[in-house]
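Given only the sequences and the hints, what does the whole structure look like? Please build it.
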Amino acid sequence: MNATTDQGQSRDQGREQGGTVLIDRVAKTYVAHSSAPVLALDEVTTSIASGEFVTLLGPSGCGKTTLLDVIAGLTSPTQGSVLVGGVPVADAPTAPGMVFQNPVLLPWRTALENVLLPAELGPKAPRRPDRAIEADARELLRLVGLGDFTDRLPDELSGGMQQRVAIARALLLHSPVLLMDEPFSALDEFTREQMHLELLRIKDERALTVLFVTHNIFEAVFLADRILVMTPRPGKVVADLTMRLPRARSRDLIGSEAFAAEVRRVRDALTTVWEEEQR
Amino acid sequence: MTGIQNPRTGAASGTAGGARGRSGPAARLLSGLPGGLGHLAVLAGVLVVWQLLVEVGLLPESIMPTPVQIAAEFGAALHSIATGGYVLGHFVTTIQEVVVAFAASTALGVGVGALISEFRWVRRYAMPYVVAFNAAPGVAFAPIFLVWFGFDMGSKVAMGIASGTFPILIGTVAGMGATGHQLERLMSAYRATRVQAFRKVRMSMALPYIFAGLETGIVLTVTGVVVGEFTGGSDGLGYLIVVAQESLNLSQAFAIILQLCIVSVLFHGLVVLVRRRVLFWQRDRPTRP
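Those sequence lines, one after another, are chains L and U. The opening residue of the first sequence carries number 1 in UniProt numbering; numbering runs sequentially from there. The opening residue of the second sequence carries number 1 in UniProt numbering; numbering runs sequentially from there.
Hints are supplied without guarantee of correctness; some may be wrong.
Unchecked claim - Straight line, CA to CA, 25 Å or less: simulated SDA-like cross-link-like pairs of lysine to any residue:
hint : chain 1 : residue 1 : chain 2 : residue 2
1    : L       : K124      : U       : A197
2    : U       : K200      : U       : A107
3    : L       : K124      : U       : A107
4    : U       : K200      : L       : D42
What the hints assert, rightly or not - Where chain L lies over chain U, by a calculated footprint (3+ residues, C-beta under 8 Å):
hint : segment
5    : 71-79
6    : 187-193
Don't read these hints as lab results, they were simulated from the structure. C-beta: ideal position from N, C-alpha, C; glycine also.
As structure tokens, then:
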């Protein structure tokens, strides 16, 4: 037991540098056979500190997901570069954890087996994950509040619980960076609010850097240390707003004047661009 | 595949009540009967009317044997099978042909289907021929198979394969493409190798579709085998139908059709049984491609 905690601590120390994300003049152009090339992302430059919670906010088609895919190494940028923990993502020791809009669990695997999936993938992966990783996976399921559901199939879990399994899965490889693509947009309002608090707790406990894509202004403000406001055609970051809110978030914050002011500020940033586009 | 336990025990049966909806007096009378009695009542009614139509003379007996005559022939055939008589050999031959043909159909359908979905160049160069082969009426190959594979089991098995493979192949191809964009993203985010993606995800994702293909395939395999037996040779239930027809013994022909029907239903049921075991995560839902 002690050995695991020591390991965990050394990992947390490694995370100090490991959690930074440097995005340098990243652009992405999609070339289609039948039509003109589409500039999906236009020269995005920003740096994200270790342990920071950054939301990418904007309407659909603004390149949020493209930017996330570039950071995850799922697609390569046409121009520019991304460094995760100081190295190009392709050379990083572990792939960043990813959570999508849908939990995308394998229906024939139990919650535990689903969480273990990343350990079985990759060129150097063992055929079966070892005991230590399985203990990690159990611990992660406890962390996301599913300690009693390890042997359930996805079908037996609610939507919110399935998404918790997906979060546990994303944390299995101990990547200090967690990338989330509208992870709660398919959940009902109550579950979503609960998941927000859970996510912030997990982020603190694991000292994660989180990049969170959303089109919901309230969600963005509630969760973020910093919001990158994006607009479409071509997708670019038009505002970089640091939230003037206490780091510890609670439900009470939502009704507060400070929260309302931040929502207004973000909305203003979006409408300014809107109006400019109209002209 | 990874060893996964907990198959669903005691899953509740699906639709129990049967169809509700608009119901006239007859439907209400039937739905008042418990369980399968309604079905039995309808069947009995049809048989009685059929029997009467022949006995009254509205249907000539030489064209349409009565249910009683067919039942007698069927009973005689069952007796013959049970006592190792004349029918048994033919019955066993047909069963053997179906089993061999279906095993080969499954291997061929899943194998070629997987190759087609995994390799773009295989898809490009093989798919047109697969589609063309399927578009050609399978029955038309029967005389050629007779020349190629002889009058024994070979030609019948070949007919079974020619008929049963296509739905399995198409099911496999459809299933392999059913993984979904998000899951593909997840697999590449975790740098899954091609073999890992195939073994751990795509194959299992395809299983519901493959089973849908198998359920169609088994029935078509039986059909193909029987057509093969019509075409040549002197063995199998299909051959017995031809013999009955040549001696104008239609009640015997009907009795054999009834046997084939039962064989087909049993094989299909076996496939469904295996599907329920394998796709334990799908509970009692029907295949849902």
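Structure-based check of all given hints:
1. L:K124 / U:A197: holds (14 Å)
2. U:K200 / U:A107: Holds, at roughly 20 Å.
3. L:K124 / U:A107: With Cα atoms ~31 Å apart, L:K124 and U:A107 exceed 25 Å; violated.
4. U:K200 / L:D42: Measuring from Cα to Cα gives roughly 37 Å; hence the hint is violated.
5. 71-79: violated (count 0)
6. 187-193: holds (count 7)
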